[in-house]
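Chemist: Here is what each chain is made of, one letter per residue.
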Amino acid sequence: MAVSGTTLARSGAAAERRHGGPPALLHRNFTVFKRGWVFFLTGFLEPVLYLFSIGVGVGALVGGFTLHGQEVDYTDFVAPAMLATAAMNGAVMDSTYNVFFKLRFQKTYDAVLATPMGPRDVAAGEVGWAVLRGGVYSAGFLLVMLAMGLVSSWWGLLALPAAVLVGFAFAGAGMALTTFMKSWQHFEYIQLALIPMFLFSATFFPVTTYDGALRWVVEATPLYRGVVLVRELCTGLVTVESAVSVVYLLLMGAAGTMLAARRLGRLLLT
Amino acid sequence: MSDPTERVAGRAPLDTATPEVVEPGVAAMLGRQLDYWWTVFRRTWKGSVVSYFLQPWLYIAAMGLLLGGYIDDASSGVGGAPTYLDFIAPGLLAATAMQVATGEVMWPVMGALKWDKTYYGMIATPLRVVDIVAGHLAFAMFRVASAAVVFVLALAVIGIFSSPLGLLASLGSALLVGLAFATPVYAFSAGARSEQGFALIYRLGVMPMFLFSGAFFPVSNLSEPLEWMARLTPLWHGVELCRMGSLETWDSTAVVHVTYLLVLAALGCWFAVRRLRSRLVV
Amino acid sequence: MVVARGLRKSFGSFEAVRGIDVEVRRGEAFGFLGPNGAGKSSTMRMVAAVSPPSGGELRVLDLDPAQHGSAIRGRLGVCPQEDTLDTELTVRENLLIYGRYFGIPRREVARRADELLGFFQLGEKRDAKVEDLSGGMKRRLTIARSLINDPELLLLDEPTTGLDPQARHLLWDKLFRLKQQGVTLVLTTHYMDEAEQLCDRLVVMDGGLIVAEGSPLQLIREHATREVAELRFPVGEHTALADRVADLAERVEVLPDRLLLYTHDGEEALARVHERGLAPVAVLSRRATLEDVFLRLTGRTLVD
Ligand SMILES: Nc1ncnc2c1ncn2[C@@H]1O[C@H](COP(=O)(O)OP(=O)(O)OP(=O)(O)O)[C@@H](O)[C@H]1O
Ligand SMILES: [Mg+2]
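Chains as they are written, first to last, in the numbering used here: chain C, 1 to 270; chain S, 1 to 282; chain L, 1 to 304.
If you're looking for bench data, these hints aren't it; they were derived computationally from the structure.
Given the structure is predicted, the values throughout are model-derived calculations rather than measurements.
Treat the hints with caution; some may be incorrect.
Said to hold, decoys possible - The calculated SDA-like cross-link candidates involving lysine to any residue, where the alpha carbons are at most 25 Å apart (straight line), are:
#	chain 1	residue 1	chain 2	residue 2
1	S	K117	L	S134
2	L	K138	C	N89
3	L	K125	C	R104
4	L	K125	S	W38
5	S	K46	L	R126
6	S	K46	C	N89
7	S	K114	L	G12
As the list claims (entries may be wrong) - A partial selection of chain C residues facing chain S, derived with a Cβ cut-off under 8 Å:
#	residue
8	S53
9	G128
10	L132
Cβ coordinates follow ideal geometry from the N, Cα and C atoms, glycine included.
Just need the whole structure built from these sequences, with the hints factored in.
Modeler: And the structure:
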């Protein structure tokens, strides 16, 4: 035959390169998402409402806290925590409920994997989507904070990438966990992790409320790392804690994404 | 069918002398659904332990005790309650009733209509639309009741109630809140074509009420127009009722709260049956 | 058992059933045939008392569905076109719980459930979740479920779609037995052999109207010839060639993949085709079946 092995190989490689990869999945998600712009707007509402309720409403009852030796208004204290929490919640929603639904019920990935796309494309695509969407929400929330005068330092510019990083960490971990889930009931475990983190990770009161081992536990939670990072950036009181957080969150997201890719391959390509 | 113009000309109408048919009442039909809901319960109760039983506790601990410590340092008494814990506990009780009730009649109703089509299986049997609505709402209220009872007992242990009467009043108020949310939201779900609407109900209804209807801070701290909006929400009436129970600060406005919630529940029931009928019987 | 006069059903401005007269007698097996969208399921749902007629009259088991829906449904077995099983329950739970809706005592439901599971060969799967069943197994379970209340009238909307041949014969056997016990059967199907085997009488619906009615044999005699010659030509040539064989048969039917020549002697027709120098890829001469009636009544006949 005239067609040599190398041409075949090359055209195969070209096909490989031409396939959509993670952006193709982003495109799919965006297509679905476009139909629901109302959701986009209302999703942005949640952290803002928390900010006004707890930060402003309850804040009127509290006064303020001392942070790194400096007096901080309660609203200034809570707002960055809400930003980090919003990034976490958005990422977890996208990477757990939505992914589970597509994985087990809608069989979206079965269809995707019947094309040249592989499990790694799926994992990267979904995590990328969660990060992207979380990033847009975070930017919106930061604008609200700016308008309310809750960002008091140029470091605050870095709060956006920080929030995206929080989203990345939780999206990766969330997606990895989702691949182990068998039924909706298992989502209770996710709630079991999220709600205590949301309430106790120095979001509404300083970590100095705890002492001893308890404080160590709180400081080791991913949301605490996120909250500290964003809060230090927004208030300009940056310490080495922020650096620790960055490394922690990067590792968490990367490990999660890689595990998710491996597990998807195991689940779908059998 | 009784419209004579619909009859085909030139034919004798069909025999309409119908024999005596006795149909069982709604209560008997509820009995027939017992096995179903019992099976559902056995299968799902584990999945709701965290959000129904644990979540209110975590809020009590974080907001009531820890944050409350700072609040009590800064001020003496919140909205008529001696401590922030006393203030927030009845608020969270009402909010929990709302959340459990709405959760039970959103996705499960959608599932029975769209994904599993269990309602279509049910309506092919002697069950009628009212029976199906009654069965589902009864189950939702059972869930509300179990969550509320557990919560109230725990609150009693940490000394929120000064008398059993206060405890019972709070519990009853929580059930009323559950009913006032379950029926209208059921009506919404019965007609909803896609589950997307639920996110909106949650984000534009449940969550704002949770945050601004006086559960966490007195609505009088809101600006005037917002305060009035908050006072119109069913949750505010529920929170006030629960708080009257736990603080034992009754007054005549309780009648207004109870009436408001009862009317809402009744309207919801009516719409629920109507909307489910137009969905199932086509 | 079922009497309909001028029965109509509309969805908004669209009329799915446009005035049909049907009478199903006690103990017979009655079939609805018709192409997709003919209005069969719409009719079945009205008979099942879950869909109010938009016009005309309907009596089911001598009762008016609009008034006594619940009582009628208590005496019916219904196998809907789309399964409505509870996918989160196990196979056996589906039967138990469904039986309870009829007010049948638990012990009795359990007995019947086990019997039905045995008969439909689902015994091994009794504790499996419905979600994990194959499509055909789900179908079998839906049919088993429709029998849980020992119905007097059984409504089956495309019961055998998705079943393998064994399961199909199993169901036919069950339906024969039920008929012998006096159960009235009403079914829809797209399998003509099934209709021919099962139905004492049937109607063919098209566009919401009844276009023919009778026993399978009557219909074949009325609407088809004794034999049919099938000719297969290369792709895309059928329409063009139809004219060249038109005079060889009483009627020629053009299908996307073949030509059907309706004639008294199929072999004779095939010989004449060859004489004209036409070279079909494949040929077949056979007796006419209900399928030919169906195509005639609902299809596109070129030459008559
Ligand atoms: N709920 C509904 N709303 C609107 N239109 C409907 C509805 N149900 C059926 N129809 C329409 O009524 C017509 C008849 O539908 P029906 O389901 O009765 O057909 P059928 O004969 O059972 O077809 P099939 O062989 O495909 O099952 C179709 O055009 C269908 O689109
Ligand atoms: Mg049909």
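Chemist: Could you run down the list of hints and mark each one as holding or not?
Modeler: Against the structure, the hints:
1. K117/S with S134/L: 18 Å, holds
2. K138/L with N89/C: 38 Å, violated
3. K125/L with R104/C: Within the cut-off at roughly 21 Å; holds.
4. K125/L with W38/S: Between K125/L and W38/S the Cα gap is close to 22 Å, so the pair holds against 25 Å.
5. K46/S with R126/L: 24 Å, holds
6. K46/S with N89/C: OK: K46/S and N89/C at ~23 Å, within 25 Å.
7. K114/S with G12/L: 21 Å, holds
8. S53: 4 Å, holds
9. G128: Not OK, violated: G128/C not within 8 Å of chain S, min 22 Å.
10. L132: Violated, because the Cβ-Cβ distance from L132/C to chain S comes to roughly 19 Å (cut-off 8 Å).
In summary, the numbered hints that this structure violates are 2, 9, 10.
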